[in-house]
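K.L.:
Here is what each chain is made of, one letter per residue.
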Amino acid sequence: MTAVLQVALAGGVTGSLYGLLAVGIVLIYRTTGVLNFAYGAIAAVCACFMYVLLTGPRLNFWLALPLALIFAVALGIALERLFARPVLNAPVFTKAIATLALALVLQTVAQQIWPQLAQPEHFPSPFEGHATRIGGLYISAIGVTVLGVTAVVMVALALFLNRTRLGIAMRATADNQPVARLMGVPVGLVFPLVWALSAVVAALTGILFASQQAVIDVQFMDPLLILAFVAAVLGGLESLPGALLGGLIVGLTDSLLALVLAGRHVGALDVSDPGIRAALIFGGFVLVLLLRPQGLFGQAVLRKV
Amino acid sequence: MAAQQTPGSSASAPAPTMARLSRLAWVRGARVLTQGGGATFAVVALVLALLPTLFDGFFGFSAGFQLHRITLIGIFVIAAFAQNILTGYAAQASLGNAAFFGVGGYMLAWLTNDLGKPYWAGILVAVGVAAVVGILVGGPALRISGAYLAIATLGLVFVTVSLLDLWDTTAGRQNYDLSNLPALLTDDHTLYYTILVITVVLLWLGRNLLRSRVGRAWIAIRDSEAAAEAVGVNLARFKLLAFVVSAMLTGLAGALYATWATTASSSMASADQTIAFLTMIIVGGLGSITGSILGAIFVGFLPLLLGQLPSPLTIGSAQIQVSTLTTGIYGMLLLLALVFFPSGLSSLGGRGRALWTRLRSRAGGQP
Numbered sequence: 000m001t002a003v004l005q006v007a008l009a010g011g012v013t014g015s016l017y018g019l020l021a022v023g024i025v026l027i028y029r030t031t032g033v034l035n036f037a038y039g040a041i042a043a044v045c046a047c048f049m050y051v052l053l054t055g056p057r058l059n060f061w062l063a064l065p066l067a068l069i070f071a072v073a074l075g076i077a078l079e080r081l082f083a084r085p086v087l088n089a090p091v092f093t094k095a096i097a098t099l100a101l102a103l104v105l106q107t108v109a110q111q112i113w114p115q116l117a118q119p120e121h122f123p124s125p126f127e128g129h130a131t132r133i134g135g136l137y138i139s140a141i142g143v144t145v146l147g148v149t150a151v152v153m154v155a156l157a158l159f160l161n162r163t164r165l166g167i168a169m170r171a172t173a174d175n176q177p178v179a180r181l182m183g184v185p186v187g188l189v190f191p192l193v194w195a196l197s198a199v200v201a202a203l204t205g206i207l208f209a210s211q212q213a214v215i216d217v218q219f220m221d222p223l224l225i226l227a228f229v230a231a232v233l234g235g236l237e238s239l240p241g242a243l244l245g246g247l248i249v250g251l252t253d254s255l256l257a258l259v260l261a262g263r264h265v266g267a268l269d270v271s272d273p274g275i276r277a278a279l280i281f282g283g284f285v286l287v288l289l290l291r292p293q294g295l296f297g298q299a300v301l302r303k304v
Numbered sequence: 000m001a002a003q004q005t006p007g008s009s010a011s012a013p014a015p016t017m018a019r020l021s022r023l024a025w026v027r028g029a030r031v032l033t034q035g036g037g038a039t040f041a042v043v044a045l046v047l048a049l050l051p052t053l054f055d056g057f058f059g060f061s062a063g064f065q066l067h068r069i070t071l072i073g074i075f076v077i078a079a080f081a082q083n084i085l086t087g088y089a090a091q092a093s094l095g096n097a098a099f100f101g102v103g104g105y106m107l108a109w110l111t112n113d114l115g116k117p118y119w120a121g122i123l124v125a126v127g128v129a130a131v132v133g134i135l136v137g138g139p140a141l142r143i144s145g146a147y148l149a150i151a152t153l154g155l156v157f158v159t160v161s162l163l164d165l166w167d168t169t170a171g172r173q174n175y176d177l178s179n180l181p182a183l184l185t186d187d188h189t190l191y192y193t194i195l196v197i198t199v200v201l202l203w204l205g206r207n208l209l210r211s212r213v214g215r216a217w218i219a220i221r222d223s224e225a226a227a228e229a230v231g232v233n234l235a236r237f238k239l240l241a242f243v244v245s246a247m248l249t250g251l252a253g254a255l256y257a258t259w260a261t262t263a264s265s266s267m268a269s270a271d272q273t274i275a276f277l278t279m280i281i282v283g284g285l286g287s288i289t290g291s292i293l294g295a296i297f298v299g300f301l302p303l304l305l306g307q308l309p310s311p312l313t314i315g316s317a318q319i320q321v322s323t324l325t326t327g328i329y330g331m332l333l334l335l336a337l338v339f340f341p342s343g344l345s346s347l348g349g350r351g352r353a354l355w356t357r358l359r360s361r362a363g364g365q366p
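Going down the list, the sequences are from chains A and B. In terms of numbering that gives the first Met the number 0, the first sequence is residues 0 to 304. In terms of numbering that gives the first Met the number 0, the second sequence is residues 0 to 366.
Just so you know, the hints here were simulated from the structure itself, not pulled from any lab data. Wrong hints could be hidden among the right ones.
[Stated by the list, open to error] Beyond 10 Å from chain B on every Cβ pair, some chain A residues (computed):
hint, residue
1, T54
2, R80
3, F82
4, Q176
5, V229
6, R263
7, L268
8, D269
9, F281
[Claimed, not checked] Footprint (simulated), chain A over chain B, 3 or more residues, beta carbon under 8 Å:
hint, region
10, 74-82
11, 145-155
12, 172-180
13, 207-213
Just so you know, even glycine gets a beta-carbon here, dropped at the ideal spot from N, CA and C.
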């Protein structure tokens, strides 16, 4: 029983990371229609910036964090200006391909600026090596931090989107851009804001994941990205709580599969390999999509012809 | 037509038809050859046929090596055409073609190496297996579309890479080397001609397919799914067919790539490979055969051109390893193409002609 709880806890922590990424993906997709495959690269670049602040000038972690978040805001705004705006009116698929290209460019540039991060490097964080034991459960400091940050981000986003003028303007733009524009919503201001906001979420996720792994390189977010997309689609690609829930489902499934498959072999094949797990999760995801093409929590959309 | 018949050929009934047919074919052939497109075609065909000889004269020692590098472009043309059928014609947002590419290469390696099957049988089975994967992907695609399909197919690529990796580690190897290739295909000249012939035949078959009922149905689906369905196009059937045809062509390209490289590796099925295919059709031109060819040439030549740069490249005080730039440059080109040339290289010819006519009419003062 303790083993299952322990695994569920680990699943909840990685699930929160998937969920946070999914939330950022949904935030951009809903407002600008960009299916952002560069999201992992954005998170990685921000986390790499943090790493450079921590190791180069040897800044304190808590001093470097706000600087990394400011960097994320600047990166988000720059990407919106230079990248998202020129392709704003292209079809969804074209924009998705463009983000794949953007990911390559971001990673190449980051690798040229910080060549030391082409290989995995140790990521120092104050959470390292701290853990506690509650009733037989082993809980790491970074695990608690991930869960806490996820809760805070979700509450803050909900408050911002529902209670502030700017948040409501963002939701209006997401619902219907031309009408929002006619009602006096500064759409040109909302787009950079969405990108900045989601870049901040990306930076937080990247830094949390790097702290959890204690290892970082330019491409370290790639394995998370595709599962974050699975999470976002399970959540219906439109709803922020749905995205988080999708992330938790993916994370828990992954951990439970790892527990069930651990040490098992089929013939010469080691089924506890992460590749098999990814294939199983992905297969399940496609099955869910077949049964509910709009995702678990999405609503079917009527299309006008 | 009847008035031009020679008196002798009207003696029996089938003869005039035959004569007419042969004359028609002849006239059409002559027209193709004399018109602008035809002349270009003849020159291109001649150059392609003589390329090995030209290379021998030009490169001397390294001719075989250079020819081998150029041969890759033929394989890329097949893969780009396959992606274009799926994305440019049938408008299916597939990011998963690299999976077919990898599966084709690995199947060929497995069949010829481990099972000791003959090479061409291996090719056929590899194409067949790719077709099955195509059905597995295309089936769900009937219910999933747009953004959801893009994510699902990209997921397929990630899963395929990790499964192929797992296969490699389980079997205790780095790459899957093809040690059992027919001796003929290890010769640079034969390999070049084989791939040239396969590519040309496939392009010709593909062109005919695109002009047939099937191709028209795909284009109708692309332009408006609802309208296509309303005029009686069976959406499920033709979408699935697009996936299967694309998977088979890409699988064949993958098998040929493994032959070319004499090894298959899991990176063949990576997201980077998918991006390379997409770069080809977007830089070249969506929904265009010429576009597929131009895009493949472009992407194929890029590493060769970058290889001409001094490495490490020194800009100011910074030293840059050129090889680490390749994927970033693909990405940058893809972005620039998407923003500035949404219809690709293949549209440049038309634009150039339009500009030329306009300039000429202005200079001559004639409309």
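K.L.:
For every hint, state whether the structure bears it out.
P.N.:
Verification of the supplied hints:
1. T54: 20 Å, holds
2. R80: 13 Å, holds
3. F82: 7 Å, violated
4. Q176: 17 Å, holds
5. V229: 7 Å, violated
6. R263: 14 Å, holds
7. L268: Not fine: 6 Å to the nearest Cβ puts A/L268 too close to chain B.
8. D269: About 7 Å separates A/D269 from the closest Cβ of chain B, which leaves it inside 10 Å; violated.
9. F281: Nearest chain B Cβ is 5 Å from A/F281, so the label is violated.
10. 74-82: violated (count 0)
11. 145-155: The restraint on the region 145-155 of chain B holds, since 9 of its residues have a Cβ under 8 Å from chain A and three suffice.
12. 172-180: Violated, because only 0 residues of the region 172-180 of chain B bring their Cβ atoms closer than 8 Å to Cβ atoms of chain A.
13. 207-213: violated (count 0)
In this structure, the earlier hints numbered 3, 5, 7, 8, 9, 10, 12 and 13 are contradicted, and the remaining ones agree with it.
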